[in-house]
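Protein chains in written order, with our numbering: chain A, 1 to 244; chain B, 1001 to 1091; chain C, 2001 to 2075.
The hints are simulated quantities; they were obtained by calculation from the structure and are not laboratory data.
Keep in mind it's a predicted model, so treat the numbers as computed, not measured.
One thing to keep in mind: the hints can contain errors.
In the DSS-like style, the derived pairs of lysine-lysine whose C-alpha atoms are separated by at most 25 Å in a straight line are [stated by the list, open to error]: (1) B:K1058 - A:K19; (2) A:K72 - B:K1087; (3) B:K1014 - B:K1003; (4) A:K189 - C:K2007; (5) A:K81 - B:K1087; (6) A:K19 - A:K83; (7) A:K72 - A:K51; (8) B:K1087 - A:K83; (9) A:K83 - A:K72; (10) C:K2045 - A:K83; (11) A:K81 - B:K1037; (12) A:K83 - B:K1037; (13) A:K83 - A:K136; (14) B:K1003 - A:K50; (15) B:K1014 - A:K136; (16) B:K1087 - A:K136; (17) C:K2045 - A:K72; (18) C:K2045 - A:K81.
So the chains spell out like this:
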Amino acid sequence: MATNPMAQFEVYRIGPEIKLGSIDISFTNSSLFMIISSLAILLIFNLGSKKNSLLPSKIQLLAELSYSFVSKMISDTAGSKAKPYFSFIFSLFMFVLFCNMFGMMPYSFTVTSHIIVTFVLAFFVFAGVTVIGFMKHGLGYLKLFVPSGVPTFLLPLIIIIEVISYLSRPISLSVRLFANMLAGHTMMKVFGGFVISLGIVGGWLPLSFSVALTGLEFLVAFLQAYVFAILTCIYLNDALNLHH
Amino acid sequence: MSKDSLKTRLEIVKSRILKKELYKDKDQPSPIGAAFKLSTELVAAVAIGTIIGFILDKTFGTTPWLIIIFFFLGVAAGIVNVFRSAKNMQK
Amino acid sequence: MELEAAKMIGAGIAVLSLAGAGIAIGNIFSSYLTGAMRNPSAAQKQFPNLLLGFALAEATGLFGLVVALIILFAF
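The following block holds chain A by itself, in its conformation from the complex (with noise of 0.2 Å):
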């Protein structure tokens, strides 16, 4: 009965199979889980801001502290050039939020916990502050790469670093929450393993291992959330606020 702790992790289909040409796009449990966490958020924030006394219930309160709690993160980091910005960053982070957390669930599928759809979402991210920079700033953008106050002859060096490390933003961007995500789950499955095989005898010790590890696991949900919004705002105030 010991299956592989890898294999919560593996994609397949649901349904009919549609094929586009040669490429298979017919829905997977992934999709599911996708649509899943849309739906929750479009559920909790449409219920939150249905009537707006000004005693709030409590569904409404949990909608009132996640938006001012994302605004602050934007205004502390940012400024105020970065208030048109809201919304794009208010759904990632909750996007990525509900995706985390359902994926503690039992039997549920963690969506993040796939290269493929941190990096799509890192690369988004990375492409429209570059685009961002561009339009706002035209050529001079390129001055991010330059910092001040260097003397002249270590600057094709200091330049050549500045560059490498800003194209390496996605791809940290990304490895960060499915690593998170991938050790994580891994985890409680091995331990969780564990404990059916130590038996009755022994079992007990990784069964109290395991429920101290799914607390950390919830923690670390809403804080890879968390690091992901705030690095955006990060890149976001690089781009907008040219020094650096």
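Using the hints provided, position chains B and C relative to the given structure of chain A.
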């Protein structure tokens, strides 16, 4: 003379409020419509870029490079479109 | 040496980077605690920076874990 024109304008606005027509000429789109417009612009630009790259790849026979290049061009074009239409909607 | 054995040894060496992650996380939290003991009223404002620093340090260690998994399952 200007007091009379002010009075007629006030009458017009009062009648419009009574008929709940106040926002009709400003033509404000509903928020769901605005959100769908922005998201379809981004998705359509990326999809069209990828499809153009795919078709060009099939005719020229080069390996996936053209798909990748046109995907990046589609992403950049989509983001520029979203930026411009969001700026237009805010005016 | 056959491929399977080399894969195992490579994966084992790749996860040694998590030692650096452990030291870094301990450093971050210890400096936050030291600062909080000296100036407790200003500690709450630096809490987001603490979470950001922890996640970034953890991520760098987990890059090594990803390399180990790639060696084990993709080659």
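Item to check | Hint check against the structure, violated hint numbers in rising order | outcome: 6, 14 and 15
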